[in-house]
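Undergrad: Spelled out, the chains give:
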Amino acid sequence: MSSERTWKTIESGPYDYHNALHPVVKKNYGKWKYHELPRPGVLKHIAESGDVLFTVRAGTPRQDSVDLIRRICDIADTYADGYLRFTVRNNVEFMTPDEEKVELLIEALEKIGLPVGGIGPCVSNIAHTQGWLHCDIPATDASGVVKSIMDNLFEEFKNWYLPSKVRISTSCCAINCGGQADIAIVVKHTRPPRINHEVIANICELPKVVARCPVAAIRPTVVNGKPSLLVDNKKCMYCGACFGACPVMEINHPEHSKFGIWVGGKNSNARSKPALGCLVAQNLPNNPPRWPEVNEVVGRILNAYKKEGQPWERLGEWIDRVGWKHFFAATDLVFEKDMIDSYRHARTTFNQSAHVRF
Amino acid sequence: MVQIKKNIGVETKSTSCGGTFLHPTPMLDELEKGPWPSFIVGIKELAERTRKPMLRGVLDQLEYSYQTKTGYWEGGLVTAYGYGSGVISRRSKIADKFPEAHEFHTLRVQPAPGLHYNTTMLRDLCDTWEKHGSGLIALHGQTGDIMLQGIEEAKVQECFDEINQAGWDLGGAGPAMRTSVSCVGPARCEHACYDTLQLHYKVMQHFAGDVHRPQYSYKFKFKFSGCPNDCTNAIFRSDLAVIGMWRDAIAMDTEAMQGWIQKNGVDFLVNTVINRCPTRVISLAEGMMVIDNANCVRCMHCINVITEALSPGRERGLAILLGGKNTLKVGAMGGTMIVPFFKMETDEDIAAFIRLSETMIEWWNDNSFDHERIGETIERVGLKQFLDGVGLDASIDMVSRPRSNPYYKSES
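From first to last, the protein sequence lines stand for chains Z and Y. The opening position of the first sequence corresponds to residue 0 in numbering that gives the first Met the number 0, with each subsequent residue numbered one higher. The opening position of the second sequence corresponds to residue 0 in numbering that gives the first Met the number 0, with each subsequent residue numbered one higher.
Hints in this document: simulated from the structure, not taken from any laboratory. Each hint should be verified, as a subset may be incorrect.
[As the list claims (entries may be wrong)] With the Cβ distance kept under 8 angstroms, some of the chain Y side facing chain Z (calculated, not the full set):
id: 1; residue: 112
id: 2; residue: 115
id: 3; residue: 164
id: 4; residue: 185
id: 5; residue: 186
id: 6; residue: 207
id: 7; residue: 277
The beta carbon of each residue, even a glycine, is placed where N, CA and C say it ideally should be.
Using the sequences provided together with the hints, build the complete structure.
TA: Take a look at the structure:
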């Protein structure tokens, strides 16, 4: 194979962006003055030169076919001078200096099934992972969960119904590749790993697996004369860290791998500091193909926030103002014993004061 | 209620009845319903058009995953010549059941900074990918790669050679420098305090070798956000978060400000801007907004609301926050402010930034355990020890407050 190669690899790093920039972008690079949001899904940027650039944003499934991408390119060629870009939340953006093209872009995008929205006080597209379609350690699917949720939140993506932006993420294991978000939907296992003692010593580096455990619950042992590992089930909190290092310590389970929902995560520094999400619902079933139980809880949280949040106030900032007690009442969710932190830094989450709401 | 609609303009062939290329997938078919664009419709259309057995196998296996609530891929080792990362190996654990899906490897490809594309480069990439692989692409993975999903090991090298000739390179995987992400930056944002695209491009070119040949304790990610709005989620998602920063006063166009107040009213100004300022540094003087810039923490809120009259100051650069990561192993951590202001205007500034980054990465690789991110190493070893190790002075900007417990070894 290598002897037939005529091409010598160029370790070029990222693709050179210079030819990927729209001419109006190139001309006004670093010289933008301000922007407006003329309508949902549309941005208007005004440059110091007086040039104007409209952006139309649309949601995508993220798992795209070359057919869909070619259709997106057709639209970019017809209405956006052959340029486009993506956002970190899997939205696609088309830019044009021509205001008349905005309506045409929206029409063309909706015609190929891509909803326009995701800018301003609304739900943006979901940051998500790969799941059963392509990951080697998932307890659930990602794209399917996202599709189910966004079907329900379709109008929330396309319209400005919410106090501020809402970011949602999903993750198929406790590693949480989806990341921090206003609402994060993350798998939580509820049983210890199941070890295949027959093959583990041939497949896994046992000391590395021992070192991987956050609570030192794993130690070496011998089973049927073969080196293996022992999990102290009293210590194990089912995080699955060992499974990532050793595929024969199966943590995923069709029934016992559940969903938890975490709220109030925030990446931006605007107003409040960036924040981690907090657990408000757990033990929701992993129920393909539509995950109705997860959808129901997400809807409840969004409805309460929609009703009570103030302009520009993110979900976590709303909770900071009204208090967690009120959050649980307003969403009809139940605060459970498991929601008290018991890991490192747990005491920083205790209420070490006489401040109480009645 | 839920509306039933296919997500694409062209008619897709029916897949559930006999005589078509695909096998029945009743559970996946449920995901063809509803208004949001359906990845199942997309994959089926692609499979019916290209008749690639690999796609049929993947749909069959995915349907089986939905039925059994279990994943069936296992990782392994597949690489391009000279590289130790960039290809994610996926083999089916149940290839006896679904032989058409026995191999479905992924190429991670580094996109252009800011995720900017022209249609020629994207169409060429699609053509190459359809020729060698499945035609399924994720735009983009959570770290920021273009993910070309579904190729057989025997075709990996020829596919990579072809895309490499077109200007693309593979991304990172394993204990290596990872692909980076930058926000839209000065290309289309007035908030950008440094050139996120240029810095991303130069830094990742510099570290290209460390991307392709894993030699760290664990992964290391840069993310480049042009301002504290942090659109790339750098603080929680990257080991070294580069956040645009300004040092002087917020710039105010007083005429535009007056116009904004007239248009939106004083109530809106008070309730939505002044009352939401985290350090309460905005006041009204004769109907005009006045900012006490010495106590502004550069949160961006007032600038976000009043874009036409307010913008980051003119003395612009970046801040470096170190140690962000997600759950494994000690729990999610945000990056810690290490350098509050770093000038970023010249090539020398870029070189100095790269030198500082290398010093930090070297300290981490010298002091970390296996599979330990730099944030975890700093937490375990100590921020003070890290500063000594990399030769930085302590600054009050690095902490929320001085220590409140007395257990420490005094150096004086």
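Undergrad: Give a verdict on every hint.
TA: Verification of the supplied hints:
With a cut of 8 angstroms, the hint placing residue 112 of chain Y at the interface with chain Z holds, because the nearest CB-to-CB distance is about 5 angstroms. Annotation: interface hint on residue 115 of chain Y holds; nearest CB of chain Z at approximately 4 angstroms, less than 8 angstroms. For residue 164 of chain Y, the shortest C-beta to C-beta distance to chain Z is roughly 6 angstroms, which falls under 8 angstroms, so the interface hint holds. Interface restraint check for residue 185 of chain Y: the shortest CB-CB distance to chain Z comes to about 4 angstroms, inside 8 angstroms, so the restraint holds.
Using the Cβ-Cβ criterion of 8 angstroms, the hint placing residue 186 of chain Y at the interface with chain Z is satisfied: the shortest such distance is roughly 5 angstroms. For the restraint placing residue 207 of chain Y at the interface with chain Z, the shortest Cβ-Cβ distance is roughly 4 angstroms, inside the 8 angstroms limit, so the hint holds. At a threshold of 8 angstroms, the smallest CB-CB gap from residue 277 of chain Y to chain Z is about 5 angstroms, leaving the interface hint in force.
Every hint from the earlier list agrees with this structure, and none is contradicted.
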